[in-house]
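Novice: The chain contents come next:
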Amino acid sequence: MVAAHHRTAHRILALVSVTATLPALAGCGGVSFADTESKTFTTLGYGMDDALASDRVDTARTALKGLHLQVNEGQFDEQQFLSAVAAGDPPDAVHMDRTLIGGYAARGALVPLTDCIKKEHIDLGAFNRTALTEGSLDGTVYALPDSYNSRLLLIDDKVVKQNGMRESDVRTDDWHALRTLAERLKKTDGAKLTRIGFDPKIPEFFPLWAKANGADLVSADGRTAHLNDPKVVQALTYAVGLINAQGGWGRFKSLRDSFDQFGAKNQFATDQIGAMPMEDWYVDVLADSSPDVRLATGVFKDRRGKALNWTSGFGWAIPRGTRHLARACTFIKTMTATSTWVHAARTKAQEVRDAGHAYTGDVTGNLQADRIIEHEIWKPTGNPAFDRASRTLFDISREGFAVPSNAAGTEFKNAWQNAVNRVLSGEQSPRQALDQAQKVAQSALDIANEGR
Amino acid sequence: MTNTTAPRAVAATAAGKRRVRRETWAAYGFLSPWVIGFLVFTAGPMIASLVLSFTDYDGIGTTHSVGTANYRQLFDDPSVAKALMNTLVFTALRVPLQMALALVLAMLLMKAGRASGVFRTLFYLPVMTPPVAVGILFLLLFNGNVGLINEVLGWVGITGPSWTTDASWVKPGLVLTSLWSVGSTVIIYFAALRNVPRELYEAAELDGVGRWNRFRHVTVPQISGTLFFTLIVNTIASLQTFTEAYTAFFGSANSQTYSNDAALFYVVYLFQQAFQYLHMGYASAMAWLLFLVIVAITLVQTKVSKRFVYYEGEER
Numbered sequence: 001m002v003a004a005h006h007r008t009a010h011r012i013l014a015l016v017s018v019t020a021t022l023p024a025l026a027g028c029g030g031v032s033f034a035d036t037e038s039k040t041f042t043t044l045g046y047g048m049d050d051a052l053a054s055d056r057v058d059t060a061r062t063a064l065k066g067l068h069l070q071v072n073e074g075q076f077d078e079q080q081f082l083s084a085v086a087a088g089d090p091p092d093a094v095h096m097d098r099t100l101i102g103g104y105a106a107r108g109a110l111v112p113l114t115d116c117i118k119k120e121h122i123d124l125g126a127f128n129r130t131a132l133t134e135g136s137l138d139g140t141v142y143a144l145p146d147s148y149n150s151r152l153l154l155i156d157d158k159v160v161k162q163n164g165m166r167e168s169d170v171r172t173d174d175w176h177a178l179r180t181l182a183e184r185l186k187k188t189d190g191a192k193l194t195r196i197g198f199d200p201k202i203p204e205f206f207p208l209w210a211k212a213n214g215a216d217l218v219s220a221d222g223r224t225a226h227l228n229d230p231k232v233v234q235a236l237t238y239a240v241g242l243i244n245a246q247g248g249w250g251r252f253k254s255l256r257d258s259f260d261q262f263g264a265k266n267q268f269a270t271d272q273i274g275a276m277p278m279e280d281w282y283v284d285v286l287a288d289s290s291p292d293v294r295l296a297t298g299v300f301k302d303r304r305g306k307a308l309n310w311t312s313g314f315g316w317a318i319p320r321g322t323r324h325l326a327r328a329c330t331f332i333k334t335m336t337a338t339s340t341w342v343h344a345a346r347t348k349a350q351e352v353r354d355a356g357h358a359y360t361g362d363v364t365g366n367l368q369a370d371r372i373i374e375h376e377i378w379k380p381t382g383n384p385a386f387d388r389a390s391r392t393l394f395d396i397s398r399e400g401f402a403v404p405s406n407a408a409g410t411e412f413k414n415a416w417q418n419a420v421n422r423v424l425s426g427e428q429s430p431r432q433a434l435d436q437a438q439k440v441a442q443s444a445l446d447i448a449n450e451g452r
Numbered sequence: 001m002t003n004t005t006a007p008r009a010v011a012a013t014a015a016g017k018r019r020v021r022r023e024t025w026a027a028y029g030f031l032s033p034w035v036i037g038f039l040v041f042t043a044g045p046m047i048a049s050l051v052l053s054f055t056d057y058d059g060i061g062t063t064h065s066v067g068t069a070n071y072r073q074l075f076d077d078p079s080v081a082k083a084l085m086n087t088l089v090f091t092a093l094r095v096p097l098q099m100a101l102a103l104v105l106a107m108l109l110m111k112a113g114r115a116s117g118v119f120r121t122l123f124y125l126p127v128m129t130p131p132v133a134v135g136i137l138f139l140l141l142f143n144g145n146v147g148l149i150n151e152v153l154g155w156v157g158i159t160g161p162s163w164t165t166d167a168s169w170v171k172p173g174l175v176l177t178s179l180w181s182v183g184s185t186v187i188i189y190f191a192a193l194r195n196v197p198r199e200l201y202e203a204a205e206l207d208g209v210g211r212w213n214r215f216r217h218v219t220v221p222q223i224s225g226t227l228f229f230t231l232i233v234n235t236i237a238s239l240q241t242f243t244e245a246y247t248a249f250f251g252s253a254n255s256q257t258y259s260n261d262a263a264l265f266y267v268v269y270l271f272q273q274a275f276q277y278l279h280m281g282y283a284s285a286m287a288w289l290l291f292l293v294i295v296a297i298t299l300v301q302t303k304v305s306k307r308f309v310y311y312e313g314e315e316r
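Protein sequence lines correspond, in order, to chains A and B. Here my numbering is used: the first residue of the first sequence is 1, the next is one more, and so on. Here my numbering is used: the first residue of the second sequence is 1, the next is one more, and so on.
Simulated from the structure, these hints should not be mistaken for lab results. Please read all numbers here as calculations on a predicted model, not as lab measurements. Don't be surprised by glycine CBs; every beta carbon is placed ideally from N, CA and C. Be aware that one or more of the hints could be misleading.
[To be verified] Derived DMTMM-like pairs: lysine to aspartate or glutamate, alpha-carbon spacing no greater than 25 Å straight-line: (1) LYS439/A with GLU151/B; (2) LYS439/A with ASP77/B; (3) LYS439/A with ASP56/B; (4) LYS161/A with ASP174/A; (5) LYS187/A with GLU151/B; (6) LYS306/A with GLU374/A; (7) LYS187/A with ASP166/B; (8) LYS161/A with ASP260/A; (9) LYS82/B with ASP435/A; (10) LYS265/A with ASP157/A.
[Claimed, not checked] Each pair of labels, with its calculated beta carbon distance range: (11) HIS68/A with LEU31/B: 35 to 45 Å; (12) PHE41/B with SER54/A: 34 to 44 Å; (13) HIS68/A with VAL104/B: 54 to 64 Å; (14) THR114/A with PHE75/B: 40 to 50 Å; (15) PHE259/A with TRP155/B: 39 to 49 Å; (16) ALA81/B with PRO230/A: 26 to 36 Å.
Make the full structure from the sequences, and use the hints.
Specialist: Shown next, in the form of structure tokens:
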């Protein structure tokens, strides 16, 4: 009898344990963005990391007179956003990576800005065309550009010179020479890789390598994936080969993970890297954390020798269901207006200089603001390395390409990133991985574009 | 006499009934928080997810019925098979290792005497670490170049693998990391070991039974009910593993860029489908598949346990 009781108790316990699996089925809770009085204007995905960000919020707060502006700081959180939209309680404005815009726009989660642009007389010509297109879908604008990141080559001049080379030898248009350079600049200590010669920055920079080889990952209309295009396969084969020539992905990634990227002992300060393509914001980091580093900068070129700048960034969009549609339009217009950017850049430059650091300039995606920042706010600092970096940045940012906006958003991005990772970890060949990615990406695009 | 007793008996019976009724309502009252919680937060969402699994719900737009398409897609999607296999391998590696280590530690605790309280606390403390921190810890400790694990292996002349990048080593690395929170199981085993009657050991010792055989024929049968309980609970937890792998490989834009298919566990993929790709209907179907897998495994374990689990007072 007692035994039977025990058995029953244990079975009940087991069943309760099984029931405990149910939270996995239940999804997660939402977040409320609007107060009951609806006097609060809320944003999601925006961080006030520096004066360029916080000063613009101050300007926007004035423009939103009568409303309390609540900036929910932090990176854009897809789960939080989706929960809020599904619950009919979205934020009033959302700041997200422009590569995500197409996916949310296709599902009707974002308001087309056509009326907003008309009513607020927003001059789209003021924005960088590439950035604006990245925040659009099928020709309709869904996000106003709020940043503009360029990619340039960052070179550790000391490492290059120590190995009997010059910074002009770091050329991405000659793939054979680049591989030789990478092998020459790399350093090992027994089985350990202690310096990366040249970091191709894949998976994240893979679109740059594909473009350098003359291919796009998706058609210009964003409807047809080109992931297994022979030129894309060739680009991946080369970039992975570059890593394998320096000891393989395991050692390469382990060293990369150990970099003190934002500290004084970063990979350039400690000569742990020869050269790499990188987003422009990192010049700012280096200027702050290690102003004495022997940095050289260059332009990433395609195989025909043409300068190539892969650009990306964030955008301001208005979620469907916002309680302050008209004010949201005012808000995103104000945040991205030339005068707002210029005022914020002046404030930031002043703060940076007051702190004894070099102001390396900003590129915003607003062409008028960018011109004023370049010619009026930025001034040579006297540090030739960073002055040249700023000059290079201003020059390359005039032109650029972006991965065409598409309705599959994150799913498309994950398809090619996962393919690159499968090749890097040795699970698949470039051809196999990209064939699989093409299937996944095209299926995602077809589903997302259904009925469009 | 009879005439006076009968009304009293009736009154007593009525009072008894009232008491029983009161107690019954009180019992329902005490149960109600759990029952309401279960209905609202578990059963309700379960039914909702079952309904959604037959739709193309994306959390935003209009929802349409798609019949069994989501369930059929489960068999066509290579990532489902991959994620399920990763999860099963992880579970098969983690559960026995965790149980064995916990049992060893619990037996050592038994020998610790008065110091056992301190050690119990020490073993349990890591359980308090947030799983997100454990995910980050994994990346730091198991870094192939500068991680502590490979550093220690290097002292004895072993070149450690690339734990965080090599597809063959990612799961073993995560399994080892998960042992960080072995403390809960240790405490459960410790309690069970303390309940094993001392006289059984004394009798065995008098009969000349050695240490290993005492463990095998006295300890294990006596705590087999507890072992079975932890087997089920740890299996379910492993099949639902999410946070550590998600934090290390998928949690941020940066980690997601370097995601590794070897760490794509089932619930991680389910989460991606639901919240990143907005395929809520498909994710609901995935959740039900996982539920069925867990029920099946638990039933098998329960069936098999009849041969191995001994309950006190049971006659065999």
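Novice: Run every hint past the structure and note whether it holds.
Specialist: Status of each hint after checking the structure:
no.	hint	result
1	LYS439/A with GLU151/B	violated, 42 Å
2	LYS439/A with ASP77/B	holds, 11 Å
3	LYS439/A with ASP56/B	holds, 20 Å
4	LYS161/A with ASP174/A	holds, 20 Å
5	LYS187/A with GLU151/B	holds, 19 Å
6	LYS306/A with GLU374/A	holds, 23 Å
7	LYS187/A with ASP166/B	holds, 21 Å
8	LYS161/A with ASP260/A	holds, 23 Å
9	LYS82/B with ASP435/A	holds, 17 Å
10	LYS265/A with ASP157/A	holds, 16 Å
11	HIS68/A with LEU31/B: 35 to 45 Å	holds, 44 Å
12	PHE41/B with SER54/A: 34 to 44 Å	holds, 39 Å
13	HIS68/A with VAL104/B: 54 to 64 Å	holds, 58 Å
14	THR114/A with PHE75/B: 40 to 50 Å	holds, 43 Å
15	PHE259/A with TRP155/B: 39 to 49 Å	violated, 24 Å
16	ALA81/B with PRO230/A: 26 to 36 Å	holds, 29 Å
Hint compliance for this structure: hints 1 and 15 are broken, all remaining hints hold.
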